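Q: Here is what each chain is made of, one letter per residue.
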Amino acid sequence: MENFDYHRPAKLADAEKIIAKQKEGVLMSGGMTLLPTMKQGLAAPSDVVDLSGLGNVGIKVMKTKVTIKAGTTHAEVAKSGDLKKAIPALAVLAGEIGDPHVRHKGTLGGSIANNDPAADYPAALMALDATIITNKRAIAADKFFKGLFETSLRRGEIVTAVDFPIPEKAGYAKFANPASRYAIVGVFVANHGKAVRVGVTGAGPGVFRQKAMERVLAKDFSADAVAGIATKVDDLNEDMHASAEYRAHLVGVMAKRALKAAK
Amino acid sequence: MPIVTMNVNGKDVSGDVEGRTLLVEFLRENLSLTGTHVGCDTSQCGACVVHVDGKAVKSCSTLALSAEGAKVTTIEGVARNGELHPMQAAFKANHGLQCGFCTPGMVMAGLDIVKRRGKKLKEETIRAELEGNICRCTGYHNIVKSIQDGASKM
Ligand code: FES
Ligand code: FES
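Read top to bottom, the protein sequences are chains L and G.
In this text, residue positions in the first sequence follow this note's numbering: the first is 1, and each later residue adds one.
In this text, residue positions in the second sequence follow this note's numbering: the first is 1, and each later residue adds one.
Keep in mind the hints are simulated off the structure, nothing from the lab.
Please read all numbers here as calculations on a predicted model, not as lab measurements.
Treat the hints with care, as some may be off.
[As the list claims (entries may be wrong)] Okay, derived cross-link-like pairs now, DSS-like style, lysine-lysine, Cα gap no bigger than 25 Å in a straight line:
hint, chain 1, residue 1, chain 2, residue 2
1, G, Lys122, L, Lys79
2, G, Lys55, L, Lys84
3, G, Lys55, L, Lys39
4, G, Lys92, G, Lys122
5, G, Lys122, L, Lys84
[Unchecked claim] Incomplete in silico selection of chain G near chain L, CB under 7 Å:
hint, residue
6, Gly19
7, Arg20
8, Ser43
9, Lys58
Note that CB positions come from ideal geometry on N, CA and C, so glycine has one too.
Pulled out of the complex, with its shape left as it was, chain L reads as follows (with noise of 0.2 Å):
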């Protein structure tokens, strides 16, 4: 790993004006993608600002909504008692987030600004219609997640928290990675009573929406409705874990498991 000069602001204003003077800098959350993809030498920052000295951690339970503070790590989302009841699927999901070391240091903002593809939260955040605030503004997970590590945060934007609508009923189900646990195809459904939402991750370049299943869902919320609807196979991923009609294929058995699970 190249060398780097070390930041860990106590303040958010700190960060910003860290981040700001730096050129080849990047923030770090928990660090769980960022180190090991420098141990790589894949990312070579001149400085890393550790955002892990700002205590901004905590999850908020109000009447429709849930705010998650981005610093808040997986196993703290994951045995959030408050959470377990509003939207527990959301809790199942970040438990099965690495393995529980990992879950110790990982952290929400880390990891919808990574934007890894096979990510399991973009999954949770476009099925449930979440909004990304950031030190400058809002931004809703629809336009937030631009693709393959890629997000619409300009330089020196932090992730400050994120906002969770309370569906009706939401459920996740992925199919894991062995080895990484990372999600070869994961399917977040969540009922909003008007709408129904589908978010699918590891499937595709980036997260995606799967409106098909959407709209039958909208009207028989029920893992029957969605059997033969089928997700185009073009824009999937293949690799030597999983082709791309194989993508296709466990999007729709995950879509079921996720149904079966909604609660």
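Got chain L sorted already, so can you dock chain G with the ligands onto it with the hints?
A: Below, chain G with the ligands without anything else, positioned relative to chain L:
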């Protein structure tokens, strides 16, 4: 060069590090605590697990500087007064190791499981919780037994 200060196994320590120095490098190279191992370069094997402020983390994926002011426990800090900790003794009694390379991480993970899930552990719980620890020798069976046994004796 930046200086990092932390408490390791009850002792206050500090040392010169670089931004890129990993916690595991600081432990092994600066402090000569070589019980914590490095088994991979991809954050998967768990041979490097230590506790930072009471939580199990992978010290190969933690920057030394980010542990500034933290309380760190490594495998060397587990035994008391020259006696093996019940979790360590259980690994010995149950043949929970062959080459022993993964063992420090397994013991530290085992202690973390007990902290979060209690002393009465089901086999499935232990197997699921060991997701982040790889052993190339034992086939896991005796590791699971060791953790179950060690937990019950804590
Ligand atoms: S050395 Fe840390 S996970 Fe393998
Ligand atoms: S005992 Fe050899 S790696 Fe586990």
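Q: Indicate, hint by hint, whether the structure satisfies it.
A: To see whether the hints hold, each was checked on the structure:
no.: 1; hint: Lys122(G) / Lys79(L); in the structure: holds (19 Å)
no.: 2; hint: Lys55(G) / Lys84(L); in the structure: holds (22 Å)
no.: 3; hint: Lys55(G) / Lys39(L); in the structure: holds (23 Å)
no.: 4; hint: Lys92(G) / Lys122(G); in the structure: holds (20 Å)
no.: 5; hint: Lys122(G) / Lys84(L); in the structure: holds (23 Å)
no.: 6; hint: Gly19; in the structure: holds (4 Å)
no.: 7; hint: Arg20; in the structure: holds (5 Å)
no.: 8; hint: Ser43; in the structure: holds (5 Å)
no.: 9; hint: Lys58; in the structure: holds (5 Å)
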